[in-house]
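With the hints as constraints, model all of the structure from the sequences given.
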Amino acid sequence: MLFSTLGLSCFWCHNLEFKGRDIVSIEDFIQTEINHILDVAKSMEPLAKGGSELLKGKILATLFFEPSTRTRLSFESAMLKLGGNVIGFAEPDASSTRKGENLADTVRTVENYADVIALRHSLEGSAKLAAEFSKVPIINAGTGSEEHPTQALIDLYTMRKESGKIDGLKVALVGDLRYGRTVHSLAYALALYSVELYLVSPETLRMRKDVLATIKSKIPVTENANLEKIMPQIDVLYVTRIQKERFPDAAEYAKVKGAYRIDLKTIEKAKKDLIILHPLPRVDEIAPEVDNTPQARYFQQVWNGIVVRMALLSLVLGAVE
Amino acid sequence: MSEKELRVTKIKDGTVIDHIRGGYALDVVRILGITGQEKRVMTIAINVPSKRFGVKDIIKIEGMALSAQEVNRIALVAPHASINIVHDYAVVEKQEVELPKTIEVIIKCTNPCCVSNSGEPVSSKFHVKNEEPLSLKCHYCGVSIEKADVLKQL
Ligand SMILES: [Zn+2]
Chain S
1 MLFSTLGLSC FWCHNLEFKG RDIVSIEDFI QTEINHILDV AKSMEPLAKG GSELLKGKIL
61 ATLFFEPSTR TRLSFESAML KLGGNVIGFA EPDASSTRKG ENLADTVRTV ENYADVIALR
121 HSLEGSAKLA AEFSKVPIIN AGTGSEEHPT QALIDLYTMR KESGKIDGLK VALVGDLRYG
181 RTVHSLAYAL ALYSVELYLV SPETLRMRKD VLATIKSKIP VTENANLEKI MPQIDVLYVT
241 RIQKERFPDA AEYAKVKGAY RIDLKTIEKA KKDLIILHPL PRVDEIAPEV DNTPQARYFQ
301 QVWNGIVVRM ALLSLVLGAV E
Chain C
322 MSEKELRVTK IKDGTVIDHI RGGYALDVVR ILGITGQEKR VMTIAINVPS KRFGVKDIIK
382 IEGMALSAQE VNRIALVAPH ASINIVHDYA VVEKQEVELP KTIEVIIKCT NPCCVSNSGE
442 PVSSKFHVKN EEPLSLKCHY CGVSIEKADV LKQL
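Residue numbers (this note's numbering), protein chains in the order written: chain S, 1 to 321; chain C, 322 to 475.
If you're looking for bench data, these hints aren't it; they were derived computationally from the structure. Note that the coordinates shown come from a computational prediction; the quantities given were computed from them, not determined experimentally. Hints may contain errors.
Stated by the list, open to error - Taking lysine-lysine and the DSS-like style, the derived pairs with C-alpha atoms no more than 25 Å apart in a straight line are:
#, chain 1, residue 1, chain 2, residue 2
1, C, K450, S, K135
2, C, K473, C, K422
3, C, K473, S, K216
4, C, K372, S, K209
To be verified - In silico negatives: residues of chain S with every beta carbon more than 10 Å from chain C:
#, residue
5, E17
6, L47
7, I87
8, D263
Unchecked claim - If you anchor each label on the Cβ, the simulated ranges turn out as follows:
#, chain 1, residue 1, chain 2, residue 2, range
9, S, K135, C, T423, 21 to 29 Å
10, C, F374, S, G164, 53 to 61 Å
11, S, E101, C, A389, 31 to 39 Å
Every residue gets a Cβ at the ideal spot worked out from N, C-alpha and C, and that includes glycine.
Quick look at the structure:
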């Protein structure tokens, strides 16, 4: 809480109170709040390296109804680095959902065991529902095909850390812009800043109309951009995975996959300070030869994931303001 | 409309739904589940000249009083319609239909992957984004629902 630490109150602006708050959707946040989360994340860097006792005695429950080892390990590592403890399950089989228990009941049970819950679920709106039933804060760790707010915050943090700013950036989103969970949350978040957005995707995987309408009302968006043409101007190249299941036949998939693969030739004319991001796991949309270029930042993103999640856990548990 | 024409369609006891946006009367009839087989006297006037709206539709139904639930349903396709309860040829009660900011229960979310369709102890809930054309946003999954989707369910 910026204003309370300064001993001031600000009646016209959003209350920067995070204690007890749910992290359900990136759309619930205004820019000031996101900037504050990113500031707190920065302050977590030394704690992530050296460990801390900030959340000693607190318990995080990771309820992963849909497996995502990467995201779960990131949350658990963040909690452990803050001196807290972790419980949870990672497969639907391990929970009682197979016996027909609904999410509302699961949440009302687990809130007795934990101080904060990270939820991963395939149903859309499940984090919102969980938050309505839970007494402890819910952090959305990816729900439905629409929301992955912590990943969007990690992407923003990486842009700010690596490019030194968010405002003024020219960002290209490449790949599956329709079903990609992370890309929707990121687009909403970027629309809160003054960025220029370029969308590069196959016809069938273009950004959903409702998401597009929302972001276009706030920032300049170039649809169906040509990657080769925009390459010399862009500051951020955000690549997402194109999944085979999204295509009716293998030939179509192979064609599309090749056309959106990033290799050394693709980035030949790129700016020196371009940064290439990917929410991972990657399959082969970025050639391994790109990994050693100064532009590749996707593995730094994994580290940034830890500090951003440490910030969120500390904020919602009231350990930092 | 002249006095003479009006007299022809006057009802003794029942409901007059007035100020329906021009061309929407048949949607309202559908929402109320009226098929025409009910053996009731009923008049539907479509695109009648109106001072307030340019054109409007009117529905007069003999011997039928609307429930609150039905009034809410009408609001989905004809916001700002007025409902007159007629008794012995006189209007005894007048009510303006208003579309609430949030709508619960009446319709279901069209998204099969929405948590509100999965046996959780919650009812469906929508926020009204736009009245005309109707656009609702699911409180849980955020999916947009248009008038055509609503009519399919009613
Ligand atoms: Zn829904």
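Verification of the supplied hints:
| no. | hint | verdict |
| --- | --- | --- |
| 1 | C:K450 - S:K135 | violated, 29 Å |
| 2 | C:K473 - C:K422 | holds, 21 Å |
| 3 | C:K473 - S:K216 | violated, 31 Å |
| 4 | C:K372 - S:K209 | violated, 38 Å |
| 5 | E17 | holds, 23 Å |
| 6 | L47 | holds, 35 Å |
| 7 | I87 | holds, 23 Å |
| 8 | D263 | holds, 35 Å |
| 9 | S:K135 - C:T423: 21 to 29 Å | holds, 24 Å |
| 10 | C:F374 - S:G164: 53 to 61 Å | holds, 57 Å |
| 11 | S:E101 - C:A389: 31 to 39 Å | holds, 35 Å |
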